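For chain A, the structure is supplied; the task is to place chain B on it using the hints.
Which chain is which? The protein sequence lines are A and B, in order. Mapping the first sequence onto the working numbering, position 215 (from 1) lands on 232, and the numbers just tick up by one. Mapping the second sequence onto the working numbering, position 58 (from 1) lands on 104, and the numbers just tick up by one.
Rather than coming from a laboratory, the hints here were simulated on the basis of the structure. Don't take every hint at face value.
Said to hold, decoys possible - Covered stretches of chain A (in silico footprint by chain B; criterion: 3 or more residues with CB under 8 Å from a CB of chain B, positions within the stretch not fixed):
1) 148-161
2) 188-194
3) 202-216
As the list claims (entries may be wrong) - If you only want the chain B side, here are some residues facing chain A, beta carbon under 8 Å, derived:
4) 75
5) 76
6) 77
7) 78
8) 96
9) 98
10) 99
11) 102
12) 103
As the list claims (entries may be wrong) - So the derived label-pair ranges between C-beta atoms look like this:
13) B/65 <-> A/116: 36 to 42 Å
14) A/110 <-> B/74: 35 to 41 Å
15) A/219 <-> B/94: 28 to 34 Å
16) B/80 <-> A/117: 22 to 28 Å
17) A/139 <-> B/80: 16 to 22 Å
18) B/65 <-> A/232: 47 to 53 Å
19) B/91 <-> A/235: 45 to 51 Å
20) A/182 <-> B/74: 15 to 21 Å
21) B/78 <-> A/108: 28 to 34 Å
22) A/48 <-> B/80: 51 to 57 Å
In this text the structure is predicted, and so the values were computed from the model without any measurement. Where a beta carbon is used, it is the ideal one built from N, C-alpha and C, also for glycine.
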Amino acid sequence: MSLSDPRINFGVHSLTPVNRTTGLPYGILQVLGDANLSLSAESVDLFGGSSLFPWASEVTQINSQMVVTVKATPDFLFELYMGAAVTTTAASATDGTVSALTNYVGTTMFSSTGLATATLKAGEAASLKFGTYMVVYVSATTVDVYAVTDLQFTRGDDLTFQDDTLKITSAALTITTDTAVEIPNTGIELTGGSGTIAITSGDVAIFTVAPPHNGLSDIAIGQSGISFPEHELYLVAKERASGEMAIVRCYKAVGVSGMILPFAERDFVQFDITIKLLRDTTQDKVAEIRFLKA
Amino acid sequence: MKTEETKKSKRATPRDYEKEITPKKDFRIVHNEHDIQLVEGVAVPVPAMFLENLKTEGVI
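Just chain A, with the same shape it has in the complex (with noise of 0.2 Å):
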């Protein structure tokens, strides 16, 4: 007989919550930092008499939580620890996805009157330039454009700022009835509404433009109305070279931190979460540890 081998555990493989109510795995989290399992407890003591000692301590309380160092930001890690609704836009490889226009100030641009549409131009998709626009009036019957960023502005057609106001339209197009016109450079046409066209001064709209993609999501924070869902989680670490694995379940979590989604200069997003376990009362537990021995 001799000692078995110590039971070793080393970094972290994955963490997986799940939906508590349809059974099913919201997905994985795979590109991780530290991920702490902390159950931490306070106590109280007893103290009496000459005793520099207490004479007795008690458990109060246990500070059950995991904190995550989070490197991916996949659509389901808004939806749980930051309460967020997310829409999602199904692939479109080809031909990009531009959005319907919005009347931001007034309700003229937008419009029999103004404008019906705001689509790509055929063939022009190698010049979509992802971000938000604003057709903006100049007269009745003539927009500017103007765009909220360069980032993709040598994207197929170069494109460029006019001035400071961050113009991208060189002189203001004319809007004709039920007719397109092209926003120069950008792979977009506005077509004229179906009226005689005769916007208010003043009022703008906006849409946006996505180039081909695989997929876009549009994650809303803060709607009335939000939640932080209960899940359970599975915390997996790094198989060993001796074949040893550890599971750990936490069959109750909810995130109580929030999101610090920091954009870094020249550097990868990562950020904490902290995500409190509860204790699940058809489980009788907070959670299950699962070692495997090779």
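Only chain B this time, still in chain A's reference frame:
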């Protein structure tokens, strides 16, 4: 009669017609291949598709 009908069918749409106007004020039309600078009092032909706009703008 048949010849006349054939000619009509080959005619361009009204929007393709050009009409000479004398602008009441300066105005610039920028629309796809069109870039027309109108100068007050200077007669110039413009595509018919812009006439409605020019009325709205008070150019004609």
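A quick look at each hint next to the structure:
With 4 residues having a beta carbon nearer than 8 Å to a beta carbon of chain B, the region 148-161 of chain A meets the requirement of three or more and the stated coverage holds. With a threshold of 8 Å between beta carbons, the proposed coverage of the region 188-194 of chain A by chain B holds, since 7 of its residues qualify and at least three are required. Judged by the Cβ-Cβ criterion of 8 Å, the region 202-216 of chain A is covered by chain B as claimed, because 3 of its residues qualify and three suffice. Using the Cβ-Cβ criterion of 8 Å, the hint placing residue 75 of chain B at the interface with chain A is satisfied: the shortest such distance is roughly 5 Å.
Below 8 Å, beta-carbon pairs count as interface contacts, and residue 76 of chain B has one with chain A at about 4 Å; its hint therefore holds. Taking 8 Å as the C-beta cut-off, the interface hint given for residue 77 of chain B holds, the closest approach to chain A being about 4 Å. Evaluation of the residue 78 of chain B hint against chain A yields a held restraint, the C-beta minimum of about 6 Å falling below 8 Å. Here the hint on residue 96 of chain B is kept, as its CB sits about 7 Å from the closest CB of chain A, short of 8 Å.
Nearest Cβ of chain A to the Cβ of residue 98 of chain B: about 6 Å, under the 8 Å cut. The hint holds. Taken as an interface hint, residue 99 of chain B checks out: its beta carbon lies about 4 Å from the nearest beta carbon of chain A, inside 8 Å. A cut of 8 Å between beta carbons decides the hint on residue 102 of chain B: the least distance to chain A is about 5 Å, and the hint holds. Interface restraint check for residue 103 of chain B: the shortest CB-CB distance to chain A comes to about 6 Å, inside 8 Å, so the restraint holds.
At roughly 37 Å, the beta carbons of residue 65 of chain B and residue 116 of chain A sit within the given window of 36 to 42 Å. Between residue 110 of chain A and residue 74 of chain B the Cβ separation comes to about 39 Å, which falls inside the hinted range of 35 to 41 Å. Restraint check, residue 219 of chain A to residue 94 of chain B: a C-beta distance of roughly 30 Å satisfies the suggested window 28 to 34 Å. Our hint of 22 to 28 Å for residue 80 of chain B and residue 117 of chain A holds, since their Cβ atoms are close to 27 Å apart.
In this structure the supplied range 16 to 22 Å holds for residue 139 of chain A paired with residue 80 of chain B, their Cβ-Cβ distance being about 19 Å. Separation of residue 65 of chain B from residue 232 of chain A is about 50 Å and conforms to the stated range, judged on CB atoms against 47 to 53 Å. Here the CB-CB span from residue 91 of chain B to residue 235 of chain A is close to 48 Å, well matched to the stated 45 to 51 Å. In this structure the supplied range 15 to 21 Å holds for residue 182 of chain A paired with residue 74 of chain B, their Cβ-Cβ distance being about 18 Å.
Range check, residue 78 of chain B to residue 108 of chain A: Cβ separation about 31 Å, and the 28 to 34 Å hint holds. The hinted window of 51 to 57 Å between residue 48 of chain A and residue 80 of chain B holds, with their beta carbons roughly 52 Å apart.
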